[in-house]
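Listed in order, the protein sequences are those of chains P and W. The number in the numbering used here is simply the position in the first sequence, starting from 1, with 128 added. The number in the numbering used here is simply the position in the second sequence, starting from 1, with 41 added.
FYI, nobody ran anything at the bench for these hints, they're computed from the structure. Be aware that a few hints might be false.
The list that follows gives simulated cross-link-like pairs (lysine to any residue, SDA-like), each with its CA atoms no further than 25 angstroms apart [to be verified]:
1. P:K177 x P:E246
2. W:K174 x P:A521
3. P:K450 x W:G161
4. P:K343 x P:D377
5. P:K343 x W:P306
6. W:K305 x P:G360
7. P:K181 x P:D222
8. W:K157 x P:D233
9. W:K157 x P:A455
10. P:K403 x W:G181
11. P:K220 x P:E476
12. W:K174 x P:T522
13. P:K479 x P:L507
14. P:K319 x W:V46
15. P:K358 x W:E307
16. P:K181 x P:E269
17. P:K231 x P:R204
18. P:K441 x P:A212
19. P:K375 x W:F304
20. P:K313 x P:E424
21. P:K448 x P:E209
22. P:K181 x P:Y469
Calculated Cβ distances over 12 angstroms to all of chain P for the following chain W residues [what the hints assert, rightly or not]:
23. T95
24. F112
25. L133
26. I151
27. T209
28. L211
29. A217
30. R222
31. M224
32. A318
33. I322
34. P325
Cβ coordinates follow ideal geometry from the N, Cα and C atoms, glycine included.
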Amino acid sequence: MKRFAVLITIVFVLSLLVVPLVMAQGKPAPAKEPAKAPAKAAAKPALSKEPIKIGAIYDFAGPCYMYSETGMLGLRIAVEEINAKGGILGRKIDVVVRDTEAKVDVAVREVKDLLLREKVNFLIGPCSSGTGLAMQVVHTEYKTIRISAIANTEAQTVDKFSPYFFQVVPNTYMEATAATRYLNKKVPAAKKFCTINPDYEFGRRQAAAFEEEIKRLVPDAEILYHAWPKFGERDYTAFITAIMAKKPDAVHSSLFGGDLVAFTKQAAPYGFFEKTPFIALYDLPVLIALGPDAPEGTFGFARGDFFQDPNPKMMEFVDKFKKARGAYPDAWAVQNYDAVYLLKAGIEKAKTIETEAVIKALEGLSLDSLRGNFTIRPLDHMGSVPCYQGTIATDPKYPFKVWKDITRVPGEQVLRPEASVREIWKKTGVTR
Amino acid sequence: MSFDVLFNQFMSGIARAALLFLVASGLSLTFGVLRVLNFAHGSLYMLGAFITYTIWKTILIPVVGFYVATFLASLVMGGIGIIIEFFLLRRLYARGWPEQLLATYAIVLIITDIVKWGWGGEFLSIPRPIPFKGAVSLFGFPFPSYNFFVILLGLIVVIFLWWLVYKTRLGDIIRAAAHDREMVSALGIPIPWLFTWIFVLGSIIAGLSGAVTAPFGSIALGMDIEIIVECFAVVVIGGMGSLPGTLLGSLIVGLVYAFGIMFKPELALAFIFMVMAAVLIIRPWGIFGRPER
Numbered sequence: 129m130k131r132f133a134v135l136i137t138i139v140f141v142l143s144l145l146v147v148p149l150v151m152a153q154g155k156p157a158p159a160k161e162p163a164k165a166p167a168k169a170a171a172k173p174a175l176s177k178e179p180i181k182i183g184a185i186y187d188f189a190g191p192c193y194m195y196s197e198t199g200m201l202g203l204r205i206a207v208e209e210i211n212a213k214g215g216i217l218g219r220k221i222d223v224v225v226r227d228t229e230a231k232v233d234v235a236v237r238e239v240k241d242l243l244l245r246e247k248v249n250f251l252i253g254p255c256s257s258g259t260g261l262a263m264q265v266v267h268t269e270y271k272t273i274r275i276s277a278i279a280n281t282e283a284q285t286v287d288k289f290s291p292y293f294f295q296v297v298p299n300t301y302m303e304a305t306a307a308t309r310y311l312n313k314k315v316p317a318a319k320k321f322c323t324i325n326p327d328y329e330f331g332r333r334q335a336a337a338f339e340e341e342i343k344r345l346v347p348d349a350e351i352l353y354h355a356w357p358k359f360g361e362r363d364y365t366a367f368i369t370a371i372m373a374k375k376p377d378a379v380h381s382s383l384f385g386g387d388l389v390a391f392t393k394q395a396a397p398y399g400f401f402e403k404t405p406f407i408a409l410y411d412l413p414v415l416i417a418l419g420p421d422a423p424e425g426t427f428g429f430a431r432g433d434f435f436q437d438p439n440p441k442m443m444e445f446v447d448k449f450k451k452a453r454g455a456y457p458d459a460w461a462v463q464n465y466d467a468v469y470l471l472k473a474g475i476e477k478a479k480t481i482e483t484e485a486v487i488k489a490l491e492g493l494s495l496d497s498l499r500g501n502f503t504i505r506p507l508d509h510m511g512s513v514p515c516y517q518g519t520i521a522t523d524p525k526y527p528f529k530v531w532k533d534i535t536r537v538p539g540e541q542v543l544r545p546e547a548s549v550r551e552i553w554k555k556t557g558v559t560r
Numbered sequence: 042m043s044f045d046v047l048f049n050q051f052m053s054g055i056a057r058a059a060l061l062f063l064v065a066s067g068l069s070l071t072f073g074v075l076r077v078l079n080f081a082h083g084s085l086y087m088l089g090a091f092i093t094y095t096i097w098k099t100i101l102i103p104v105v106g107f108y109v110a111t112f113l114a115s116l117v118m119g120g121i122g123i124i125i126e127f128f129l130l131r132r133l134y135a136r137g138w139p140e141q142l143l144a145t146y147a148i149v150l151i152i153t154d155i156v157k158w159g160w161g162g163e164f165l166s167i168p169r170p171i172p173f174k175g176a177v178s179l180f181g182f183p184f185p186s187y188n189f190f191v192i193l194l195g196l197i198v199v200i201f202l203w204w205l206v207y208k209t210r211l212g213d214i215i216r217a218a219a220h221d222r223e224m225v226s227a228l229g230i231p232i233p234w235l236f237t238w239i240f241v242l243g244s245i246i247a248g249l250s251g252a253v254t255a256p257f258g259s260i261a262l263g264m265d266i267e268i269i270v271e272c273f274a275v276v277v278i279g280g281m282g283s284l285p286g287t288l289l290g291s292l293i294v295g296l297v298y299a300f301g302i303m304f305k306p307e308l309a310l311a312f313i314f315m316v317m318a319a320v321l322i323i324r325p326w327g328i329f330g331r332p333e334r
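Given only the sequences and the hints, what does the whole structure look like? Please build it.
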């Protein structure tokens with residue numbers, strides 16, 4: 129039913145897009161077009177000096193709370209910087225923050241409120257793939273652009289593609305594909321695998337992408353066991369013993385945050401990390417929380433914590449972030465910073481904040497970001513953002529463990545091929 | 042499937058059961074005597090974990106720091122228990138279930154916001170204390186020694202509660218009060234204070250269980266709701282307010298989950314609630330419970 133509703137919405141919106149084209153060709157528009165979506169953004173005069181409003185919608189609850197917090201900090205640093213230099217097109221940026229409480233219904237309500245009452249021009253957020261998918265329906269209906277800087281389910285750009293959505297985070301497919309290649313490079317002889325992933329949209333997609341890629345790399349690969357702990361599980365003991373009983377050559381995981389901290393501490397006494405090559409989302413917050421318990425020699429993947437891409441631009445951002453927070457920036461801050469600058473580049477190229485013009489400007493746009501250069505693919509609005517992998521190690525420079533043998537995989541190498549995207553679109557009914 | 046593999050999975054289940062029992066016993070105790078379904082019990086457990094972390098981080102005593110922090114945090118939670126009972130619960134005993142649930146749910150929200158405000162959303166972690174850092178060998182397979190510590194603590198709490206409820210004069214009063222509070226009151230026993238102390242004991246157990254999970258996993262927002270759902274399954278299966286019931290319920294939930302994970306991981310969580318549903322159909326008051334009067 130929900131999928132049907134999304135489909136209908138997308139069809140409506142796309143059909144609305146068709147109208148001007150048809151008109152331009154001098155033919156009358158078909159009368160069946162329902163005037164469903166209010167064209168709010170278009171009503172704003174482009175010349176006005178009133179501020180550009182960005183609605184930042186995040187999940188300030190549960191496991192997403194921390195990501196949302198540091199993400200907002202990255203976003204604010206970017207906005208302050210831009211405002212100090214005169215804003216975008218001479219207009220200041222205003223940020224309105226909203227909380228989804230990590231609930232789908234609240235997310236829908238808050239996004240509607242941002243669009244209708246606050247009349248924001250653009251949206252950035254959220255953290256959870258669940259709330260992200262829910263709000264996609266709404267802002268698509270109201271023809272407002274959203275950029276995701278944390279939530280990364282591939283469904284946002286592929287299965288449920290919306291022309292009003294842009295992605296600056298490697299999606300689940302890219303992330304798992306790149307991580308699988310790193311694992312394969314490190315343990316080329318591994319043939320038998322287990323996986324352990326949080327049991328929801330994000331984890332399911334990671335596991336599927338891993339399975340797809342490992343079978344491509346190792347044709348006789350065998351997946352012995354998929355473990356599905358619930359998101360927020362505290363006790364992994366039974367999962368760990370079940371995995372170890374299968375004696376896999378390597379284990380793939382997309383556990384993250386507090387879940388990964390708990391898993392790591394519970395697996396260590398079993399000698400899990402000595403026996404089994406393991407890759408999971410060992411990013412900066414997890415490494416900090418684990419402290420000395422972070423297992424050296426175990427593999428991690430992440431989305432651009434400061435130490436993974438120490439380019440000059442990133443190091444400059446590290447200083448700014450440290451001044452604001454007294455801590456090192458993680459990928460969540462980095463991605464939000466990049467999201468604001470992507471928006472700025474898009475608006476400046478379009479020379480207006482009018483939605484359709486900004487969409488056109490963003491398609492194919494290249495941004496010199498904190499994570500190096502990336503381009504928005506016109507096909508599905510997916511940024512060719514890099515994925516990072518490494519091996520956990522000690523570095524005397526930092527009071528926490530970081531990575532060595534760091535690989536930076538440019539997005540172009542792991543983007544889902546165009547033909548494959550179109551294949552999925554055929555099934556989900558996206559026409560583009 | 043070889044014996045050692047099954048035995049290991051069994052031990053994983055026992056470890057989980059011990060943890061569940063620690064939390065659920067406090068919940069069951071308050072319900073058994075006070076007849077209040079304390080939805081906020083999981084929140085007290087979460088708060089206990091955060092407070093343990095802060096004390097541990099502040100005192101920084103090597104080796105015994107964690108144990109001292111656990112002890113102090115349990116005391117603090119007892120104090121918080123007094124406040125909650127005195128200012129809120131005490132006014133609710135005579136009211137209906139909906140009001141009690143709403144009020145304790147309010148505590149859930151309040152504690153969540155206190156934690157957000159006081160500790161932020163970061164997930165925190167305490168390393169395992171000495172001498173429970175490593176593993177011991179069980180039939181040639183490693184078993185984390187901290188899990189033994191948790192099981193041991195679970196056993197101590199079982200024995201302590203059993204002794205308190207069945208072997209002391211206070212226990213006689215508690216059981217009598219659970220049965221007929223008007224009669225006990227008529228005998229000149231100050232019921233309000235008895236209730237306060239029971240709730241304090243429940244809060245201490247919540248704090249203690251929160252503290253021991255801190256080195257076990259991570260300390261993070263959301264751990265309250267995660268545990269309370271499973272605890273409800275435990276007490277519904279075992280019987281609300283029954284100590285042996287809680288023990289049996291914990292064992293069932295822990296073991297069903299552990300073997301579910303091994304044989305049918307997609308349905309592991311569902312199995313628990315299938316058992317719960319079956320118990321509700323056959324014995325709505327739980328295996329060891331008694332029907333509501």
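Non-conforming hints, listed in increasing numerical order: Of the numbered hints given earlier, the structure breaks none, since each of them holds.
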